[in-house]
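Q: The listed protein sequences derive, respectively, from chains D and G.
Read left to right, the first sequence gives residues 166 to 913 (my numbering).
Read left to right, the second sequence gives residues 22 to 198 (my numbering).
Calculated directly from the structure, the hints in this document are not laboratory data.
Quick caveat: nothing in here was measured; it's all calculated off a predicted structure.
None of the hints are false.
From the structure, some residues in chain D lie toward chain G, with a derived Cβ separation under 8 Å:
1) 240
2) 256
3) 260
4) 848
Per the computed footprint, the stretches of chain G lying under chain D, defined by three or more beta-carbons under 8 Å from a beta-carbon of chain D, are:
5) 41 to 47
6) 151 to 159
We treat Cβ as the ideally placed atom computed from N, Cα and C, and that holds for glycine.
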Amino acid sequence: MKTRRDFIKISAAGAGAAAIGLSAINWNGIGKAQASGSQHPVSEEEMTSFPTYCEVCFWKCAGWTYVDRNNNIRKIIGNKEDPHCSGRLCPRGTGGVGMYTDNDRLKTPLIRETVNGKQGFRKASWSEALDLVASKMKEVAEDYGPESFALFNHGAPGAHFKHLLHAYGSENEGEPAWAQCRGPREVGFSATFGSWIGSPEPTDIRDTDCLVLIGSHLGENMHNGQVQEVSTAIDRNATIITVDPRLSTIASKSKYWLPIKPATDMALLLSWIHVLIYEDIYDKKYVEKYAMGFEQLKDHVKNMTPEWAYGITTIQPDVIRKTAREMANASPAAIVHPGRHVVWYGDDSQRERAIAILNALLGSWGKRGGFYFKESITVPKYPHPEYPHAHWTWKDNLDGKYPLSAMGITTELLKASIPEFEYKHPIKAWLVAGTNLPLTIPDKELFQTAVQSVEFLAVVDTMPMDITSYADVILPECTYLERYDTIRSAPHREPNIALRMPAVEPKYETKPSWWIAKQLGERLGLGAYFDYDDYTEVLDWQLKKLGTSLEEMQKIGIKKFDRQSGPLYLADDEDYTFNTNSGKIELYSTEFEDHGFDPMPKFTQHPEPEEGFYRLIYGRAPMHTFSRTSNNPNLYDLMNENAVWVNPKVAELWDLKTGQMVWLQNQDGVISTFPIKVRITERIRWDSVYMVHGFGHANKKLTRTYGRGASDAKLITNIMTDPMMGGSGMRGNFVTFLTTDPGKEDNI
Amino acid sequence: MRYGMAIDTTKCVGCSDCVVACQTENNVPHGYCRDWIVENVAGSYPNVEIELRSERCNHCENSPCVRCCPTGASHIVEGGIIMVTHNECIGCGACIESCPYDARYSHPEGYVDKCTFCQHRLEKGQNTACVEVCPTKCLHFGDLDDPYSDVSIALKNRKWKVLAPEAGTKPQLFFLT
Chain D
166 MKTRRDFIKI SAAGAGAAAI GLSAINWNGI GKAQASGSQH PVSEEEMTSF PTYCEVCFWK
226 CAGWTYVDRN NNIRKIIGNK EDPHCSGRLC PRGTGGVGMY TDNDRLKTPL IRETVNGKQG
286 FRKASWSEAL DLVASKMKEV AEDYGPESFA LFNHGAPGAH FKHLLHAYGS ENEGEPAWAQ
346 CRGPREVGFS ATFGSWIGSP EPTDIRDTDC LVLIGSHLGE NMHNGQVQEV STAIDRNATI
406 ITVDPRLSTI ASKSKYWLPI KPATDMALLL SWIHVLIYED IYDKKYVEKY AMGFEQLKDH
466 VKNMTPEWAY GITTIQPDVI RKTAREMANA SPAAIVHPGR HVVWYGDDSQ RERAIAILNA
526 LLGSWGKRGG FYFKESITVP KYPHPEYPHA HWTWKDNLDG KYPLSAMGIT TELLKASIPE
586 FEYKHPIKAW LVAGTNLPLT IPDKELFQTA VQSVEFLAVV DTMPMDITSY ADVILPECTY
646 LERYDTIRSA PHREPNIALR MPAVEPKYET KPSWWIAKQL GERLGLGAYF DYDDYTEVLD
706 WQLKKLGTSL EEMQKIGIKK FDRQSGPLYL ADDEDYTFNT NSGKIELYST EFEDHGFDPM
766 PKFTQHPEPE EGFYRLIYGR APMHTFSRTS NNPNLYDLMN ENAVWVNPKV AELWDLKTGQ
826 MVWLQNQDGV ISTFPIKVRI TERIRWDSVY MVHGFGHANK KLTRTYGRGA SDAKLITNIM
886 TDPMMGGSGM RGNFVTFLTT DPGKEDNI
Chain G
22 MRYGMAIDTT KCVGCSDCVV ACQTENNVPH GYCRDWIVEN VAGSYPNVEI ELRSERCNHC
82 ENSPCVRCCP TGASHIVEGG IIMVTHNECI GCGACIESCP YDARYSHPEG YVDKCTFCQH
142 RLEKGQNTAC VEVCPTKCLH FGDLDDPYSD VSIALKNRKW KVLAPEAGTK PQLFFLT
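All chains, full assembly: derive it from the sequences and hints.
A: The following block contains the structure:
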């Protein structure tokens with residue numbers, strides 16, 4: 166047994182850095198602190214609180230921003246009425262204060278200029294910067310048509326700029342949320358149940374008796390409400406089954422951890438389906454009533470026995486049977502979780518189909534402890550003239566490829582921006598709002614070529630993210646704590662809306678996205694689409710239509726409504742029509758078949774690492790979101806770099822030590838821009854390495870996080886594209902260790 | 022009255038929300054913290070276990086930090102909470118050395134600082150900031166002398182341990198296992 170002194174103090178725990186004893190916390194008072202005078206806490210009575218919903222991640226928890234008498238934001242506390250957070254924000258929401266206080270924020274508009282042959286940015290006034298963006302948009306519209314102007318977006322700014330884009334005449338918008346994240350699960354579940362999963366996921370975890378996670382690392386991905394419900398499930402002694410080549414936090418709390426050989430999940434899923442059917446332990450009544458294609462499925466999985474899967478997955482047949490029976494015992498209160506970031510191997514929509522089929526056999530869709538029927542409030546559209554007709558969209562470039570893509574495919578927009586690809590409809594200019602493409606889009610070469618090809622790039626962000634260094638014009642957005650935004654109306658058990666309002670005036674010369682979009686719109690002669698002086702007019706109009714008002718929402722922050730769509734769950738034997746071709750749950754997908762894809766999922770062998778290489782697995786840390794929080798002073802404090810997790814056997818082979826800096830080189834010879842610390846741990850398989858996504862920033866203006874850790878995105882150059890929906894499968898990349906500095910690279 | 026806290030290691034995910042909530046509640050400067058997370062990994066792949074726990078001052082009943090303080094800045098208040106009066110602290114660091122839990126740090130303004138169990142909130146009948154924020158509700162706090170307090174109930178129903186019992190300091194932090 167180790168003594169306490171051997172434990173690692175992670176001021177901040179979590180993953181990587183922490184656990185190798187490299188906390189940012191300074192125990193002896195050496196570092197410079199940014200103490201703001203007195204340390205005394207301020208009581209809540211001496212502060213004013215304003216409602217908001219969080220923008221640090223997509224979960225959008227509602228909370229209260231507390232401001233002291235000197236107009237300092239002191240803290241953000243969850244709104245107790247909010248079903249997304251139940252009054253408890255996650256570390257990122259609590260640390261959201263740092264988004265506001267970060268001294269590295271973008272402060273003024275910036276315009277790229279060349280002085281003596283050297284490019285740089287100069288400060289500009291808002292009117293100059295907006296005039297420039299608007300004039301470029303006009304030029305693009307005149308020269309190529311407005312459709313050639315594309316929007317890449319994420320989060321709240323998206324709604325404002327989509328409105329601008331549509332008014333301007335383009336529908337070419339893409340967010341990494343589809344092709345780099347959750348697209349496949351929406352395709353897989355839609356084909357099976359006729360419904361997207363959506364966000365937040367309608368998983369009834371609080372009432373489940375069995376939760377199955379396929380690589381999903383809840384607790385490290387801090388999807389707040391879900392993590393809270395897992396905690397409730399643990400209290401209720403629910404069985405958790407986690408499939409992951411890494412002992413994730415949730416795997417360590419699971420009754421069964423299946424340390425699967427990476428890239429073989431499909432075989433495990435199919436063998437579970439086999440066991441449920443051939444041991445006759447599936448929900449017969451449910452399947453007979455609601456599903457079609459059972460006999461075909463039964464025949465399809467006939468030979469996919471646990472013994473067959475063992476040879477592929479390395480999971481013992483008896484463990485496969487035992488876990489399948491656990492699910493069946495809990496049925497219908499069982500959830501095989503769809504996951505969220507599911508673009509892994511290019512057959513992801515089919516893997517999600519297998520997950521959906523399992524849920525169907527367990528009878529969990531529409532049942533307590535399975536998946537509930539979500540409901541959301543439709544916020545009425547503020548009146549505006551009809552959008553002009555866009556003559557083409559990204560879909561017209563596909564020539565029948567990716568027929569099930571329901572949202573813009575970012576990588577396709579990038580390809581359309583590169584003349585060499587000779588797309589029918591080229592993209593000529595971009596607006597990027599709230600997404601850091603260089604650390605988000607794998608296949609660095611594609612991004613680099615595309616960004617160099619476009620004639621104009623404007624970026625809207627709060628921080629000098631890596632993408633801003635490619636911009637022609639940078640427009641500084643104020644943080645979510647300083648602005649009004651659209652009403653949050655995400656689906657949940659109880660339909661609800663939440664208001665975001667400013668707690669303080671915008672710092673520096675920053676502006677809200679609604680204002681930026683309106684200013685651009687007016688300069689483009691589209692003023693009629695922005696028929697208000699202030700966004701509060703839009704909000705008040707919408708809220709009154711919903712039976713409340715801006716004034717009321719400013720006091721309560723969140724409002725819940727009665728359900729209109731019926732109960733949360735199906736009653737026993739209730740008739741129900743699913744939104745599929747057949748009106749039934751499709752175990753045999755007619756939609757897939759119509760498009761020429763396998764109607765039932767098959768196992769495909771994926772590439773294996775060559776000797777000396779290890780599969781690159783990446784994931785989340787609970788205190789960070791994507792690459793957007795690593796410079797946040799509060800969250801940087803909790804975790805200030807990522808580390809590469811290496812199994813001790815592998816470390817011995819390479820003579821690696823914990824804390825040692827290494828560079829990673831992938832199968833295509835691409836080397837990490839920065840070195841990364843080694844963390845030797847038994848938590849990772851010997852054939853894989855693991856790192857937290859979102860580090861390795863290359864923009865020096867991010868003074869804290871610049872050069873700290875490595876970017877997984879840079880090492881992902883083998884993209885296994887999902888033929889159904891265009892997803893970028895990223896888990897077929899392998900890295901090896903370079904223990905000496907490979908020398909500076911120009912290309913960062 | 023005797024305040025204590027029970028930390029449920031079976032539910033803690035090590036997210037560090039307690040750390041950042043404490044920092045914003047108590048205006049702890051960046052780079053320092055009053056509470057932190059410890060991760061302990063045991064075993065070898067694939068038979069591995071992790072223990073995650075949120076740690077802070079143990080508010081020991083038999084507290085070496087109070088005994089060794091030359092100025093009386095470190096003292097015990099109602100409920101057994103150990104406090105540091107900042108303007109009486111000369112920053113000598115004796116208490117930091119004496120603490121078996123590494124729970125104290127030198128504040129850049131020259132005094133020693135540590136967890137107060139959010140005494141300013143307890144006075145108003147509120148819970149500590151870390152307990153209030155914890156997404157997994159793995160922190161249980163309250164009066165150990167009250168059999169119906171959250172912490173007493175947790176300790177009654179579950180197995181628990183204290184850290185460094187050999188130090189003999191009678192810590193008031195309990196870890197549910």
